[in-house]
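If you're matching them up, the sequences are chains A and B in order.
Quick note: the first sequence uses the numbering used here, first residue 21, plus one each step.
Quick note: the second sequence uses the numbering used here, first residue 171, plus one each step.
Hints should not be assumed to be uniformly reliable.
Heads up, simulated DSS-like pairs for lysine-lysine below, C-alpha to C-alpha not over 30 Å straight-line [unchecked claim]:
| hint | chain 1 | residue 1 | chain 2 | residue 2 |
| --- | --- | --- | --- | --- |
| 1 | B | K306 | B | K228 |
| 2 | A | K60 | B | K369 |
| 3 | B | K306 | A | K60 |
| 4 | B | K500 | B | K485 |
| 5 | B | K276 | A | K60 |
| 6 | B | K306 | B | K330 |
| 7 | B | K276 | B | K330 |
| 8 | B | K485 | B | K306 |
| 9 | B | K430 | B | K319 |
Stretch by stretch, here's where chain B covers chain A in the computed footprint (C-beta under 8 Å, at least three residues) [as the list claims (entries may be wrong)]:
| hint | stretch |
| --- | --- |
| 10 | 67-73 |
| 11 | 191-205 |
| 12 | 240-253 |
Calculated from the structure, these hints are not laboratory results.
Note that beta-carbon positions come from the ideal geometry of N, C-alpha and C, so glycine has one too.
Here is how the chains run, residue by residue.
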Amino acid sequence: MRSSDFGFRVAVGAFAAALLLIVVAIAVTLVNDSTLSIQKFGLRFWGTSNWDPVAGEFGALPFIWGTLYSSVLALLIATPVALGIAVFISELCPNALRAPLIFLTELLAAIPSIVYGLWGIFVLVPAVRTVETAMPESLRALPLFSGPPLGVGMFAAALILAVMVVPFTSAIAREVLRTVPPSQREGAFALGATRFEAIRAAMFYARTGIIGAVMLGFGRALGETMAVTMVIGNNPQVSLSLFAPQYTMAAVLANEFTEAADALYLAALIEIGLVLFVITLFVNMLSRGLIWSMARQASPRRSVLVPRGAEA
Amino acid sequence: MNKIVMCYLAVALTAAIAAGCGGSSEPVTANSSSGAGTSQALQINGAGATFPYPIYSKWFSEYNTLHPNIRVNYQSIGSGGGIQQVVNQTVFFGATDGPMTEDQLKAAGGRILHFPTVLGAVVPVYNIAGVTGELKFTGPVLADIFLGKIKKWDDPAIAKLNPGVTLPATDVTVVHRSDGSGTTYIFVDYLSKVSPQFKSQVGVSTSVKWPTGVGGKGNEGVSGLVTQTPGSIGYVELIYALQNTISFGSVQNAAGEFVKGSVDAVTKAAAAAAPNMPADFRVSITNAQGAGAYPISSFTWLLLYEDPKDKAAGKAMVDFMRWALTDGQKYASDLGYAPLPASVVMLEQAALDQIKVS
Numbered sequence: 021m022r023s024s025d026f027g028f029r030v031a032v033g034a035f036a037a038a039l040l041l042i043v044v045a046i047a048v049t050l051v052n053d054s055t056l057s058i059q060k061f062g063l064r065f066w067g068t069s070n071w072d073p074v075a076g077e078f079g080a081l082p083f084i085w086g087t088l089y090s091s092v093l094a095l096l097i098a099t100p101v102a103l104g105i106a107v108f109i110s111e112l113c114p115n116a117l118r119a120p121l122i123f124l125t126e127l128l129a130a131i132p133s134i135v136y137g138l139w140g141i142f143v144l145v146p147a148v149r150t151v152e153t154a155m156p157e158s159l160r161a162l163p164l165f166s167g168p169p170l171g172v173g174m175f176a177a178a179l180i181l182a183v184m185v186v187p188f189t190s191a192i193a194r195e196v197l198r199t200v201p202p203s204q205r206e207g208a209f210a211l212g213a214t215r216f217e218a219i220r221a222a223m224f225y226a227r228t229g230i231i232g233a234v235m236l237g238f239g240r241a242l243g244e245t246m247a248v249t250m251v252i253g254n255n256p257q258v259s260l261s262l263f264a265p266q267y268t269m270a271a272v273l274a275n276e277f278t279e280a281a282d283a284l285y286l287a288a289l290i291e292i293g294l295v296l297f298v299i300t301l302f303v304n305m306l307s308r309g310l311i312w313s314m315a316r317q318a319s320p321r322r323s324v325l326v327p328r329g330a331e332a
Numbered sequence: 171m172n173k174i175v176m177c178y179l180a181v182a183l184t185a186a187i188a189a190g191c192g193g194s195s196e197p198v199t200a201n202s203s204s205g206a207g208t209s210q211a212l213q214i215n216g217a218g219a220t221f222p223y224p225i226y227s228k229w230f231s232e233y234n235t236l237h238p239n240i241r242v243n244y245q246s247i248g249s250g251g252g253i254q255q256v257v258n259q260t261v262f263f264g265a266t267d268g269p270m271t272e273d274q275l276k277a278a279g280g281r282i283l284h285f286p287t288v289l290g291a292v293v294p295v296y297n298i299a300g301v302t303g304e305l306k307f308t309g310p311v312l313a314d315i316f317l318g319k320i321k322k323w324d325d326p327a328i329a330k331l332n333p334g335v336t337l338p339a340t341d342v343t344v345v346h347r348s349d350g351s352g353t354t355y356i357f358v359d360y361l362s363k364v365s366p367q368f369k370s371q372v373g374v375s376t377s378v379k380w381p382t383g384v385g386g387k388g389n390e391g392v393s394g395l396v397t398q399t400p401g402s403i404g405y406v407e408l409i410y411a412l413q414n415t416i417s418f419g420s421v422q423n424a425a426g427e428f429v430k431g432s433v434d435a436v437t438k439a440a441a442a443a444a445p446n447m448p449a450d451f452r453v454s455i456t457n458a459q460g461a462g463a464y465p466i467s468s469f470t471w472l473l474l475y476e477d478p479k480d481k482a483a484g485k486a487m488v489d490f491m492r493w494a495l496t497d498g499q500k501y502a503s504d505l506g507y508a509p510l511p512a513s514v515v516m517l518e519q520a521a522l523d524q525i526k527v528s
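Construct the entire structure; sequences and hints are all you get.
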């Protein structure tokens, strides 16, 4: 092996190892700094709803619930839209429109989240309130829509998250669809497939990559802070209602960290960070497992191509 | 085979770099370059409350033009962070909107002194359909609203205070701060004084467990939610309400008068507290006695060590404080803060003598 080659391998290997070290360092710091809270509350921290800085009682359940609920809702709204955009751009779009459309979706991703938040407060929240007030009483009786029409709450948060997630999911899904070999579509057409059926075949071919794109969006939704805290209502409660004000882990960190002077309070907030870290890790592992099992189910020759980076 | 060796090498290399960084890290630069002469620039670092940041940065820049060799760098990271950093001595001075607790004082490496710098106040803001005039509140009524016990705007308790105002039978939506804040501290400190139930159920802190309502981030978040939500009530800093011309209600003080928040009424609250001022200035002046005093007022404090390690910086800070308490006070009103009453300034001048600067 040539010496320049050797040096290169050591250098890039060191960068890869640094990545691992950073993750480990974050985990160690989080556990270390939340020891006080871990010792005091144990597993109760994950399952109780009382968050009272004055009494020194901390339970993370409403924040865990709010984070997962808002992210899942955002995913349900964003995924069809994002995939629609991706399919349109990669399969159906006239050439002249393609570049502007790609530019616009990428522009959405570049908007700072505080701007999304302000837009949420002044445009989205009043619109949501109008919908809530216009809803017939019979529907309002359902647990899904209960509570006063405030505008701020879970639904506004899920909507804003969905808008923020769409550019990421659609950009990766688009790239994944581009990697589908033309022979796949040609084959489908040769068998007499319609346009829709050919696209369906291409999407099936690229399904692991598409799931990767969706999971990336989920990861982004889990960690989004600023825009969510501005529209979710910041009330730590576990509620099914879309219109109830709720809270997320990232939002409570952003809100309360600066003024937390008490040692136990600070430790509890850092443990929230740890919980978020663990949940993100778990979600990533789950998506990995999903992609892996799908790839295995596919032909033994592993014909499904997953672009690197899209599966994380 | 070779690959494995490479991987090990890479890990070892990274570890070595990491260890090297840890071992050779320089001690954090001192807070000030303790110069022999006054000609040398002196940099003093402080951190803490966000509420007084506008006046502090005005003071530090004005003081710097008067004394070009002294530069104060103030980071508005929040009262909690300020207390923590001054206790850990990573900054020379701290600033807080709520006085330090006994536990926090004990955790510090030396005796920390509190110095009130200016005053702020919190006012109730509301948005009720059909109500344009100014509403009157008492402490207990405000406490019951924020406890969720008063649920409708036409509740007899509110109606009794506001004869002649037609209150609608709509739901009350409580809006509070979601972020930890000195504004919340002042507001719940007041509510806890006037309502035993509020004290036992909610208590006093920069973040509390609100029994009801929605949280907005910052003054702008709260006022944004209030202006948009019919039937809502929230609380914001007096400065914020004045600067954004948001109308707000008056609150009954301990003397029984309904007082509207204003710079004057806040200074009166501080003057009323002056005769009984504790030596360490850690005093809450909410629900102050005295005519014309606005009841939801508070000092904001600067935190200094009694025996600072860096004497040059200590001397400079004491000089600065003497200037801020006298000449500096004239900048307060323009920025919406209430200046300190003369009686409190006198007490503080004496307290500044305690700081050992040589």
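**OP:** Three residues minimum, CB to CB under 8 Å: does the stretch 67-73 of chain A make the cut for coverage by chain B? Let me know.
**Re:** Result for this restraint: holds, n = 4.
**OP:** For the pair supplied as a hint, K430/B and K319/B, confirm whether the alpha-carbon distance does not exceed 30 Å.
**Re:** holds (24 Å)
Original post:
Are K306/B and K228/B close enough, with their CA atoms no more than 30 Å apart?
Top reply: violated (35 Å)
Subject >> Hint consistency between K485/B and K306/B [alpha-carbon to alpha-carbon, up to 30 Å] >> reply: violated (48 Å)
Subject >> Coverage criterion applied to the stretch 191-205 of chain A (partner chain B; beta-carbon cut 8 Å; 3 residues) >> reply: violated (count 0)
**OP:** For the pair supplied as a hint, K306/B and K330/B, confirm whether the alpha-carbon distance does not exceed 30 Å.
**Re:** holds (10 Å)
Original post:
For the pair supplied as a hint, K276/B and K330/B, is the alpha-carbon distance within the 30 Å limit?
Top reply: violated (47 Å)
Subject >> Pair hint outcome, K500/B versus K485/B [Cα-Cα no greater than 30 Å] >> reply: holds (23 Å)
Subject >> 30 Å limit on alpha-carbon distance, applied to hinted pair K60/A and K369/B >> reply: Within the cut-off at roughly 25 Å; holds.
Original post:
Under a C-beta cut-off of less than 8 Å, do 3 or more residues of the stretch 240-253 of chain A approach chain B closely enough to confirm the stated coverage?
Top reply: holds (count 3)
Original post:
Is K306/B within 30 Å of K60/A, Cα to Cα?
Top reply: violated (45 Å)
**OP:** Quickly compare the C-alpha distance for K276/B and K60/A to 30 Å and report which way the hint goes.
**Re:** holds (22 Å)
Taken one by one, the earlier hints fail for this structure at numbers 1, 3, 7, 8, 11, listed in ascending order.
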